[in-house]
Amino acid sequence: MTFAHYTERIDGLQYLADKMELSGSRVRRYLMQLPFCTRKETLETHFDILQKALDILSDPAAQATFMQLQHLFSRVHDVRGTLRALKENRVLDEVELFEMKYLAVLCKDVAGICLTLAFPYDNPDPLEEVRMILDPDNAGTVSFHLYDSYSPALSQARHQAAATDPEKETEQWTRLQDLVAREELAVRKRLSSQLSSLYPVLSESFDSLARMELWFAKASLARRFSMVRPDLAGVRSPDDLKIEGMFNPGIADALSAMNRVFQPVSLTLGRGPCLLTGANMSGKTVVLKTLALIQVLTQFSFFVPARKASVPLVKDVFLVSGDKQDQSRGLSSFAAEMVFLDQIMARIRGGLRALVLVDEPARTTNPSEGAAILCALVEFMEDHHVMSLLSTHYGDLGLSCRKIRVSGFDSSKVKDRPDPSKMNEYINYSLVEDLSDSVPMEALRIARLLGVDESFIQSAQKYVK
Amino acid sequence: MPFVDQIILYGSLSVVGLGKNTGKTECLRYVLGRLSEMKKVVAVTSIGIDGERVDQVTSTPKPEIYLEKGTYFTTAASFYLKKRFRAEICQVDEGGTVFGKMITARALERGKMILAGPSDTDVLQQWVRQTPQRFPVDVCLVDGAISRLSPASPVVTRSMILATGAAYSANIRTLVERTRYVYDTVSLPLAEEGVRKKLEHITQGIRLISETGEITDPGVGSALVPDQVRDLTGTCGNGLYVPGVLSNALLKGLSERKEAGETRLYIRDFTRIFAEPGVFYSFLRKGGRIFQLFATRLLAICVNPVSPEGYRLNSAELVLAMQHAVEVPVYDIKRIEK
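Which chain is which? The protein sequence lines are A and B, in order.
Using numbering that gives the first Met the number 0, read the first sequence as starting at 0 and increasing by one per residue.
Using numbering that gives the first Met the number 0, read the second sequence as starting at 0 and increasing by one per residue.
It cannot be assumed that every hint is accurate.
[Stated by the list, open to error] For lysine-lysine, the following DSS-like pairs were computed, each having C-alpha atoms within a straight-line distance of at most 30 Å: (1) Lys81/B / Lys100/B; (2) Lys285/B / Lys107/A; (3) Lys82/B / Lys188/A; (4) Lys285/B / Lys197/B; (5) Lys167/A / Lys82/B; (6) Lys82/B / Lys86/A; (7) Lys39/A / Lys51/A; (8) Lys167/A / Lys81/B; (9) Lys333/B / Lys167/A; (10) Lys100/B / Lys86/A; (11) Lys333/B / Lys188/A; (12) Lys68/B / Lys82/B; (13) Lys111/B / Lys100/B; (14) Lys167/A / Lys38/B; (15) Lys421/A / Lys461/A; (16) Lys18/A / Lys39/B; (17) Lys167/A / Lys100/B; (18) Lys333/B / Lys285/B; (19) Lys307/A / Lys412/A; (20) Lys39/B / Lys188/A; (21) Lys39/B / Lys68/B; (22) Lys188/A / Lys81/B; (23) Lys197/B / Lys167/A; (24) Lys100/B / Lys188/A; (25) Lys86/A / Lys81/B.
[What the hints assert, rightly or not] In silico contact screen, one side only, chain B against chain A (beta carbon under 10 Å); selected entries: (26) Arg28; (27) Leu80; (28) Phe98; (29) Lys100; (30) Ile102; (31) Ala104; (32) Glu108; (33) Gly236; (34) Phe290.
These are calculated hints, taken from the structure and not from any lab test.
Ideal Cβ positions, reconstructed from N, Cα and C, are used throughout, including at glycine.
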């Protein structure tokens with residue numbers, strides 16, 4: 000599965016992808032094709048590289064050199080077509096030959112800068128041989144034409160053509176021009192065949208330019224959001240997902256635009272299910288989304304939005320929220336949710352190690368069957384030791400699994416007349432262990448805070464059992 | 000000719016034909032030749048296809064543009080590859096022309112070329128700005144598209160030459176009148192610095208400018224629909240900024256207002272005026288004023304007395320009549336070459 004797949008499944012991932020400063024669609028394509036990595040050694044190596052890139056970004060002395068590097072990144076042309084032509088042994092035209100020379104000069108410059116920055120990862124080959132082929136006179140410039148020195152026959156034909164008047168000796172001139180074109184083709188054939196033999200190094204250098212740019216874009220993102228390197232080792236409890244002070248970058252940005260602050264939260268998840276309860280508007284969904292985001296970011300070699308994170312690796316991450324209808328297949332939100340959960344469970348039965356995050360399962364059906372579905376889901380997660388977090392409003396389920404709860408409303412913060420638009424200021428988003436079997440009964444209180452008509456609330460109160 | 004010295008001073012020039020076969024290409028060829036004699040390095044491009052041997056619309060032979068040795072030129076890759084003279088590729092831009100990749104090259108010997116450069120104003124503007132930074136170029140020349148003045152927009156080049164001629168109108172009086180109209184729009188005064196700074200980043204809708212310089216959006220969109228024009232002219236004050244097209248209906252509406260004489264109208268540049276000459280002059284006669292945020296310097300008007308049908312106007316008579324109507328030098332392009 001690629002990064003592109005996960006941007007469709009995990010909320011907030013596309014937001015971060017959009018925030019990355021990339022020089023163009025060429026590099027964005029590489030980002031979208033990154034594979035979901037499940038190998039710890041690979042990820043540790045990647046995090047070392049990312050840390051090195053971050054060190055360079057944070058070093059004021061390296062700024063000027065880094066700016067040069069970024070400028071070079073922005074000048075890379077998308078020469079996939081030309082590279083494909085070389086791979087298939089086709090004859091390049093003059094413009095394509097220029098593009099190869101240009102790439103070679105650029106790679107040499109980038110390699111030089113990497114040496115200065117002491118950044119030895121994904122460096123392009125300086126392509127010395129390519130430059131020698133395309134700069135026969137050793138002029139050292141990036142410009143290109145089919146030089147006379149490539150072929151005495153070409154040179155001679157050109158001189159003859161130049162000495163002929165196209166107006167007065169039209170026939171002779173045309174004949175000579177055809178000869179020039181033939182000789183040029185012969186030269187292009189020879190150069191293309193020489194370059195074709197260098198296809199592997201040319202192609203690899205082209206790719207490495209994009210990979211290197213991605214490292215710096217990831218580092219820059221980590222800097223912008225104060226993201227940290229996740230700990231994959233988890234020395235003390237290797238199986239626990241343990242996150243301190245996590246935050247959701249997209250939501251934090253949105254809040255910040257309204258002069259509000261995202262309250263970071265901490266939690267630990269072990270193997271097996273955990274229920275998450277909390278009043279409406281208490282941020283349960285955000286907890287689930289942010290956890291999914293952190294897990295996925297880790298496995299795409301990104302730093303993560305938290306103060307500290309210990310992340311065990313999984314083979315896949317599922318975020319299930321019951322409000323997604325699948326109209327293209329004619330499924331209601333409940334049906335879509337059930338089908339998705341069934342697919343996930345089938346894969347887990349097949350031995351898949353996954354992180355499963357479910358937002359209020361079966362919330363769109365009647366409460367008695369909904370609660371039954373939730374209980375069965377918890378049982379399944381228990382039996383299969385699936386690291387999972389399931390949010391719910393259903394209480395008194397008699398389940399023995401672990402439960403955590405959003406602290407919720409802090410009455411002490413509500414002064415005088417509550418302002419409905421500032422609800423989030425009255426909520427303490429931190430998570431606490433919950434030993435009781437009940438759920439917070441705060442729906443009517445919130446409705447009241449939101450300014451809902453009092454007589455209606457009083458009426459509703461009568462029906463509360 | 001004196002205007003060639005001025006071109007060097009301004010650093011960039013567009014040559015704009017008021018119609019097909021009005022002598023634009025000859026005019027460009029003349030300027031290129033003169034600059035080459037003066038040992039100036041020139042970069043040249045065109046916003047339409049040009050330099051073809053035969054005019055594609057009228058099938059009449061067209062003068063070919065020869066590029067002197069050392070000239071930089073920008074054209075689409077497909078045209079570049081058809082060249083039959085030596086040139087070196089200096090730069091490739093991934094898009095920019097309607098035909099794809101845009102090549103900037105230097106002629107290593109004299110040769111002729113089909114030029115098909117930047118297809119939109121932004122790319123052209125970048126070309127004019129960056130070419131002298133990238134290459135040792137003294138002057139950037141832009142060959143304007145046929146009957147399309149917009150790419151020669153003053154925001155792009157600092158100076159301009161208009162080419163007009165028998166192909167535009169075979170009657171000297173009509174030709175002079177129509178050219179005079181374009182001349183008058185080009186010559187509209189530049190807005191004062193303060194107003195320009197405030198307005199230049201607004202590119203859509205309509206804005207009202209109060210006596211105290213306050214800028215407000217009347218919320219009538221671009222005032223292109225008659226209803227919007229009516230709403231606007233019924234309620235607006237005397238200061239108005241039209242960032243998009245200044246339509247005939249809007250200008251007419253404005254000149255029919257009681258306060259037409261006090262109206263100050265701001266436009267981006269003369270290329271945005273799409274009004275009939277009668278309406279334009281009526282507005283000005285009533286005392287209304289039009290200011291441009293960006294203006295170019297018109298250096299000369301070149302006339303071509305020959306039409307593609309072979310119709311030939313009296314050169315001396317045409318130049319004299321034209322010279323009476325405008326305050327920039329007028330040349331018969333066929334004559335100054337000799």
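Here is how each hint holds up against the structure:
no.: 1; hint: Lys81/B / Lys100/B; result: holds, 14 Å
no.: 2; hint: Lys285/B / Lys107/A; result: violated, 67 Å
no.: 3; hint: Lys82/B / Lys188/A; result: holds, 19 Å
no.: 4; hint: Lys285/B / Lys197/B; result: holds, 27 Å
no.: 5; hint: Lys167/A / Lys82/B; result: holds, 20 Å
no.: 6; hint: Lys82/B / Lys86/A; result: holds, 27 Å
no.: 7; hint: Lys39/A / Lys51/A; result: holds, 18 Å
no.: 8; hint: Lys167/A / Lys81/B; result: holds, 22 Å
no.: 9; hint: Lys333/B / Lys167/A; result: holds, 23 Å
no.: 10; hint: Lys100/B / Lys86/A; result: holds, 22 Å
no.: 11; hint: Lys333/B / Lys188/A; result: violated, 46 Å
no.: 12; hint: Lys68/B / Lys82/B; result: holds, 14 Å
no.: 13; hint: Lys111/B / Lys100/B; result: holds, 20 Å
no.: 14; hint: Lys167/A / Lys38/B; result: holds, 28 Å
no.: 15; hint: Lys421/A / Lys461/A; result: holds, 28 Å
no.: 16; hint: Lys18/A / Lys39/B; result: violated, 46 Å
no.: 17; hint: Lys167/A / Lys100/B; result: violated, 35 Å
no.: 18; hint: Lys333/B / Lys285/B; result: violated, 40 Å
no.: 19; hint: Lys307/A / Lys412/A; result: holds, 28 Å
no.: 20; hint: Lys39/B / Lys188/A; result: violated, 37 Å
no.: 21; hint: Lys39/B / Lys68/B; result: holds, 11 Å
no.: 22; hint: Lys188/A / Lys81/B; result: holds, 18 Å
no.: 23; hint: Lys197/B / Lys167/A; result: violated, 60 Å
no.: 24; hint: Lys100/B / Lys188/A; result: holds, 22 Å
no.: 25; hint: Lys86/A / Lys81/B; result: holds, 25 Å
no.: 26; hint: Arg28; result: violated, 16 Å
no.: 27; hint: Leu80; result: holds, 6 Å
no.: 28; hint: Phe98; result: violated, 12 Å
no.: 29; hint: Lys100; result: holds, 7 Å
no.: 30; hint: Ile102; result: holds, 6 Å
no.: 31; hint: Ala104; result: holds, 8 Å
no.: 32; hint: Glu108; result: holds, 7 Å
no.: 33; hint: Gly236; result: violated, 35 Å
no.: 34; hint: Phe290; result: violated, 38 Å
Hint violations for this structure: numbers 2, 11, 16, 17, 18, 20, 23, 26, 28, 33 and 34, all remaining hints satisfied.
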